[in-house]
Amino acid sequence: MPSASLLLQGLALGILTGGVYALLASGLTLYFGVMRVVQIAHPAFLFLGAYLTYFLFTFLRVDPLLSILVTVPLFFVLGVAIQRLLLSRLRPDSFTMMSVLLTFAFALLIEGMLGVVATGSFRSVTVDYATRSFQLGTVRLPYDRLIGFAVAVATLMLLFAVLRYSRYGQALRATIQHREAARLVGIDTDRITAIGFGLGLATAAVGGAVLALITTFFPAAHWGWIARLMAIIVVGGLGSVSGAALAALMLGVIEALVLVTLDATWAALVFYAFLFLTLVFRPQGFFGGRLAERF
Amino acid sequence: MTFFATNGLRRAFGGVVAVDDASVELHEGRINGLIGPNGSGKTTFFNLVTGMIAPDAGEVVFRDRHIEGQAPHRIARSGIGRTFQVTRVFPRMTALQNLLVAVRRAGLTEVLRSAMRGPEVERAEHWLERVGLEHLRDAEANSLSYGQQKLLELAGAMMGDPQLVLLDEPAGGINPVMIERISDLVRELNAEDRTFLVVEHNMDMVMSTCDHVVVFDRGRPIATGTPAEIQADERVLEAYLGV
Amino acid sequence: MPSVSSRWRIAAAAIAGAVLLMYPLVAPNAYLLYVAVFALMYMALATSWNIMGGLTGYISLGHSAFFGLGAYVTGLAVTRLGVPHLPMAVVAGVLVGVLAIAIGYVALRVRGASFVIVTIALVYIFNLLAQGWRDLTGGSTGLRVPAIGDLSRLQIHTVFFYAFAAMFLLALATWWFIDRSKLGMGLKAIREDEDKAQALGVPTNAYKISAFAISAGFTAVGGGLYAAWFNALDPVFVFSIIIGANMVLMALLGGVHHLLGPALGAVIVVPASEYFLVQLGETQIHLVATGLLLAIVVLVMPDGIIPALSALRRRRGPPAASIRESSAETATTSRVTP
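Residue numbers (the numbering used here), protein chains in the order written: chain E, 523 to 817; chain H, 2 to 244; chain C, 12 to 349.
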């Protein structure tokens with residue numbers, strides 16, 4: 523029977539990781555909301571962001587958190603460009619199949635280019651102030667995780683604020699809820715869709731910086747994240763940002779608990795187990811409510 | 002024998018109760034109409050009856066057998082055909098192939114037979130002829146006009162040789178000549194011992210074609226009777242006009 | 012009754028096939044024979060994939076799960092139980108096919124992109140299991156499978172040339188048979204409009220699962236043959252997304268609605284990628300090239316090469332005599348293969 527302090531440690535780490543998962547999954551919800559696209563390359567872009575953060579840090583001594591100021595606008599523009607120039611060219615009747623294949627192609631491209639430029643060695647970013655831990659009773663909270671969590675939560679709150687209070691955000695929510703109706707009230711849904719996509723990719727820039735800080739990565743790392751993030755979305759309920767956040771927290775905690783009591787392989791399988799269980803018993807997800815869609 | 006009846010059928014989506022304690026009985030051989038204001042639960046009722054969604058409560062009986070909660074393909078094969086509110090055809094298949102999709106008998110030996118040969122092809126050609134589309138036999142379904150697609154859909158519903166045919170807004174989005182054509186077809190088919198349940202907004206069509214009408218409001222039937230009777234019914238007026 | 016011209020076509024195809032089957036006897040060296048075997052393997056795999064992907068429209072990006080399973084089941088049985096290689100590959104195919112029925116029962120509860128994700132998850136799960144279950148599979152160090160006999164490399168390549176050729180022809184025949192059967196009709200209806208197919212009495216679940224299992228079973232046979240041919244199984248390679256991605260790319264490139272589409276795609280991609288491998292020697296470029304090619308196909312010719320070629324041929328041909336004739340022609344040429 524694992525000790526209470528071990529479980530507490532797992533719980534704490536799980537919450538910290540869950541927050542990061544929530545940020546990583548939020549982009550996916552955005553893509554799906556505006557375009558009904560399941561963007562398989564999102565994790566690949568995450569790691570592209572991580573590599574950019576790494577190179578900015580290693581060669582220009584730019585602090586990873588500051589590099590966000592560079593990568594976010596870059597990724598936003600990239601997202602808008604991808605949506606406008608590529609995704610919008612796909613025929614509507616085979617859109618689902620083709621968008622999956624196209625985003626899959628992006629993932630391959632990114633992984634390949636990263637492999638050529640950065641080689642397969644494992645990378646990570648270690649900043650001095652993030653190597654230590656904060657001790658809270660018996661629980662050890664590593665600074666890098668705390669920072670990652672803080673950044674994730676801050677970004678998510680910013681995203682919520684934009685969606686809720688800005689005009690673009692409201693137009694975005696309208697487009698997500700009912701495209702036709704949004705168009706009828708004069709919203710330029712094409713433009714909004716491009717912005718939505720850009721926002722999604724911008725979250726990948728932030729997520730990438732966080733990942734660079736808290737984990738080691740290599741070009742092929744994104745494959746393991748696709749199913750993880752998708753599991754979060756499916757369990758949370760497709761299309762619901764808050765549902766995804768709740769699911770992210772829950773799965774983060776469960777994964778961490780399994781990690782401290784069993785081992786890494788079992789911990790990795792947690793997400794897949796939940797993915798399959800949800801599909802069998804409740805394909806529309808658990809936390810999404812009425813907004814959740816079934817494929 | 003109970004030809005067709007629902008008992009206390011209920012279905013909610015989240016907080017919205019779309020169909021609420023719906024008990025309807027249809028007599029064999031009639032053309033029945035199902036009318037009601039928008040949002041009264043007509044299409045949900047259809048989807049419940051045809052198995053596209055499962056009811057939260059209640060039962061559906063067809064020819065003395067319970068079919069509630071059954072899979073849609075099984076219900077289709079047991080003798081209930083349906084069309085869709087927004088006409089659906091298989092776009093990249095020819096008109097003939099569209100009809101050949103219909104499955105009457107499932108089974109391993111059946112399923113391995115060639116699709117483009119055999120008695121099924123003759124039946125499909127027969128139905129194409131019935132609805133007047135035999136000259137478009139090899140045309141891709143998405144090259145057909147909307148009205149022609151509606152006829153194709155009707156023919157497809159008939160391929161399973163159904164005793165009960167559910168039509169979801171057959172007059173929607175087509176010109177009066179086509180509406181007349183479809184009404185004539187419905188009457189012809191009805192004369193051949195097929196019972197119909199038609200959801201419609203087009204009152205002229207309902208009044209002239211249907212023997213018996215059920216009025217839905219807020220998820221349940223509020224009145225039934227002949228077209229003349231329900232036209233005079235206060236509750237129906239209230240439901241439509243909100244008076 | 013096949014017409015005279017199609018009889019000539021079948022005869023020509025049979026002769027071409029017979030000539031190609033003599034390739035091992037005339038191959039200049041072991042390497043070129045190896046490339047041919049590799050191409051045949053992917054021709055067989057892509058065609059097997061297309062039994063599911065092309066007919067139902069359900070895109071599986073995780074077919075390498077079945078490839079890897081077939082490889083490991085065959086490899087382990089040969090290593091631990093001493094059973095002969097080739098029959099075991101077939102047995103592995105059947106076993107994996109049966110397993111795929113169970114997997115499909117769960118996986119096919121969702122459609123579209125969700126299904127794609129589930130198939131990706133599948134590869135990952137088996138990857139993790141293969142690496143984690145060290146006692147059974149040898150873990151990440153992999154599994155060594157004894158060679159099929161005391162033969163030279165040339166002879167081994169020859170044996171597997173014919174083995175993969177047989178598998179390819181069988182997969183081809185299966186695709187052709189399903190395509191023209193009522194099962195195929197139902198599958199294509201599922202592809203066009205699954206709900207409407209159900210409303211017409213098609214037992215969609217049973218049909219989808221059948222196609223999935225058959226496709227998986229064939230892919231597993233390919234994996235088993237691979238294990239017997241290559242003799243070294245690396246879980247990271249056999250359970251990698253790339254194999255599945257290649258299958259999809261080849262099928263798409265050639266044309267998923269056509270019998271020989273996947274084979275055509277394989278015949279183009281395999282020699283090309285081998286050439287680039289030799290010239291550039293960099294496996295990561297592979298990924299860039301695959302991704303680029305896939306993106307181009309999706310954006311520029313999503314229906315694949317074969318339809319693009321026939322469209323080109325039609326445009327170059329004699330102009331239609333009247334409006335009615337040309338509309339009839341367009342009405343019949345882009346339809347679903349009956």
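Simulated from the structure, these hints should not be mistaken for lab results. Accuracy of the hints is not assured; some may be wrong.
One side of the interface only, derived from the structure: several residues of chain C facing chain E at Cβ under 10 Å [claimed, not checked]:
1. Val117
2. Ile136
3. Val308
Restraint ranges, calculated between C-beta atoms of paired labels, are given here [stated by the list, open to error]:
4. E:Gly708 to H:His28: 48 to 58 Å
5. C:Tyr173 to H:Arg64: 20 to 30 Å
6. C:Leu147 to H:Asn143: 47 to 57 Å
7. E:Ala672 to C:Leu147: 20 to 30 Å
8. C:Ser17 to E:Arg611: 53 to 63 Å
9. H:Ser115 to E:Arg613: 25 to 35 Å
10. E:Arg613 to H:Glu111: 26 to 36 Å
Chain H stretches covered by chain C per the calculated footprint, using a threshold of three residues with CB under 8 Å from any CB of chain C [claimed, not checked]:
11. 66–75
12. 129–135
13. 179–192
Glycine included, C-beta positions come from ideal geometry on N, C-alpha and C.
Each hint, compared with the structure:
1. Val117: holds, 5 Å
2. Ile136: Because about 5 Å separates Ile136 of chain C from the closest Cβ in chain E, which is inside the 10 Å limit, the hint holds.
3. Val308: holds, 8 Å
4. E:Gly708 to H:His28: 48 to 58 Å: At roughly 51 Å between Cβ atoms, His28 of chain H and Gly708 of chain E fall inside 48 to 58 Å, so the hint holds.
5. C:Tyr173 to H:Arg64: 20 to 30 Å: Once the Cβ atoms are compared, 58 Å apart, the range 20 to 30 Å for Arg64 of chain H and Tyr173 of chain C is violated.
6. C:Leu147 to H:Asn143: 47 to 57 Å: holds, 52 Å
7. E:Ala672 to C:Leu147: 20 to 30 Å: Once the Cβ atoms are compared, 43 Å apart, the range 20 to 30 Å for Leu147 of chain C and Ala672 of chain E is violated.
8. C:Ser17 to E:Arg611: 53 to 63 Å: Violated - the Cβ-Cβ distance for Ser17 of chain C and Arg611 of chain E, about 37 Å, lies outside 53 to 63 Å.
9. H:Ser115 to E:Arg613: 25 to 35 Å: 31 Å Cβ-Cβ, so the 25 to 35 Å window holds.
10. E:Arg613 to H:Glu111: 26 to 36 Å: Given about 35 Å between the Cβ atoms, the range holds.
11. 66–75: holds (count 4)
12. 129–135: n = 0 at 8 Å, threshold three: violated.
13. 179–192: violated (count 0)
Violation of the numbered hints given earlier is confined to hints 5, 7, 8, 12 and 13; the remaining hints are satisfied by the structure.
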